[in-house]
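K.L.:
Make the full structure from the sequences, and use the hints.
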Amino acid sequence: MNKQNTGNQDASKQDIGNYAIALGDDSLTLGHRLSEWSSNAPFLEEDLALSNVALDFIGRAMMFYSYAGEAEDAGRSEDDIAYLRDCREYRNLLICELPIGDFADTMARQFLVDVYDVGFYSGLMKSTDETLAAIAAKAIKESRYHLRRSEEWVKRLGDGTGESHDRIQRAFNNVWGYTHELFEVDKIEQSLINAGIAVDRPALQADWERYVQSVLNEATLDTPNGQWSIRGGRQGMYTEHLGYLLAELQFMQRAYPGLEW
Amino acid sequence: MNTTPNIAVTAGPGNSEIERLEALLEQVTDPEIPILSIRDLGILRDISLDIDQVTVTITTTYSGCPAMSTIKADIRQTLSAAGYRDVQVKQSLSPAWTT
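First to last, the protein sequences are chains A and F.
Per my numbering, the first sequence starts with residue 1, numbered consecutively.
Per my numbering, the second sequence starts with residue 1, numbered consecutively.
If you're looking for bench data, these hints aren't it; they were derived computationally from the structure.
Just so it is clear, CB atoms sit at the ideal spot from N, CA and C, and this is done for glycine as well.
Worth double-checking, as some hints may not be accurate.
Partial selection, computed: residues in chain A whose CB lies under 7 angstroms from chain F [as the list claims (entries may be wrong)]:
no., residue
1, Leu55
2, Asp56
3, Ile58
4, Gly59
5, Arg60
6, Ala137
7, Lys138
8, Gly258
Selected chain F positions facing chain A (in silico; Cβ < 7 angstroms) [stated by the list, open to error]:
no., residue
9, Ser63
10, Gly64
11, Leu93
12, Ser94
13, Ala96
P.N.:
Laid out in structure tokens, this is it:
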């Protein structure tokens, strides 16, 4: 069922597995953060919406981790990969693990990630790896919907009251430094790109900037231009926030190893 | 919505058996909208029979659909109640589900 059509002898199954795990990590950390709004959202409809978006991301993580488990063929299930790795082994982009903050923080981060995801999954649909392409074909439909939502919120909050404007502007200023690594790749990822398996993330940057800027303009917001930036997610670096996220996520599996229904 | 879904049917002896399986799986419904069967929803993708092993292939609607394990269990239960002991339920990713 899940064929691995690598398209290049140099791309080892372990590399593909690690690539899938990193994408799963992006999805799971962000999905977990979004789930923190369940029962805490500003109003009911948004509670449902954010919970559904969270499910989309968690579902993606399952698909990526399942595939990684098969690719590496070391006997790890999707649950092993999700729950039995610590901070240093998580390879998510740092923007995904940031706390939800207030509603403006959440929507600013979500918008920036959604624009990126639409570009990214459009590219991944063309992967020479059939399973990654199939996961992307499912994900792109959801990401287009996520983007409609987050874009609308950015405009409403930006071009809203004085307070909403200030909060969302501050939110963008705070999160901007995490966006640079979205478009940076290391040698291994570059070799997967050359093999047609991975997405050329640097090539996504121009369109991303253009789209984000046009929405910020419409929302009467300034595009942040701070020099400060932080990177290293794909190398296993992590912020001070990830430990708390994993502690919550992994408590059950760590406290009761091998638990089953 | 798929009103005439293209379920791949493995050709060969036992086609009436496949029809029987289809009819049985018509009883497996969406846990939240029991009027819709998994075939109506386009979740059911393929039924194949290899001597006495039945393989049912399904696909998720959206990535994080929490009903999938319930649906898988319902498929197994329905078929086992009808006498099929060896039932495999597989999940396929493509073509991507659509309404």
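K.L.:
A separate judgement is required for each hint: does it hold in the structure or not?
P.N.:
Cross-check of the supplied hints:
Against a cut-off of 7 angstroms between C-beta atoms, the interface hint on Leu55/A holds, since the closest Cβ of chain F lies about 3 angstroms away. About 5 angstroms separates the beta-carbon of Asp56/A from the nearest beta-carbon of chain F, less than 7 angstroms, and the hint is met. Look at Ile58/A: its Cβ gets to within about 5 angstroms of chain F, closer than 7 angstroms, so that hint holds up. Proximity of Gly59/A to chain F holds as hinted, the smallest CB-CB distance being about 3 angstroms (cut-off 7 angstroms).
Hint on Arg60/A holds. Least Cβ distance to chain F is approximately 5 angstroms, under the 7 angstroms limit. For Ala137/A, the shortest C-beta to C-beta distance to chain F is roughly 4 angstroms, which falls under 7 angstroms, so the interface hint holds. Given hint, Lys138/A at the interface with chain F, holds; its Cβ is 5 angstroms from that chain's nearest Cβ, closer than 7 angstroms. Of the supplied interface hints, the one on Gly258/A is violated, with its beta-carbon coming no nearer than about 19 angstroms to a beta-carbon of chain F, more than 7 angstroms.
Interface restraint check: Ser63/F against chain A, minimum CB-CB distance 3 angstroms, threshold 7 angstroms, status holds. Of the supplied interface hints, the one on Gly64/F holds, with its beta-carbon coming within about 3 angstroms of a beta-carbon of chain A, less than 7 angstroms. For Leu93/F, the interface hint holds, the least distance from its beta-carbon to any beta-carbon of chain A being 4 angstroms, beneath 7 angstroms. The restraint placing Ser94/F at the interface with chain A holds, with a minimum CB-CB distance near 4 angstroms, inside the 7 angstroms limit.
This hint holds: Ala96/F has a C-beta 4 angstroms from the nearest C-beta of chain A, less than the 7 angstroms allowed.
Against the hints set out earlier in the document, a violation occurs for number 8 only.
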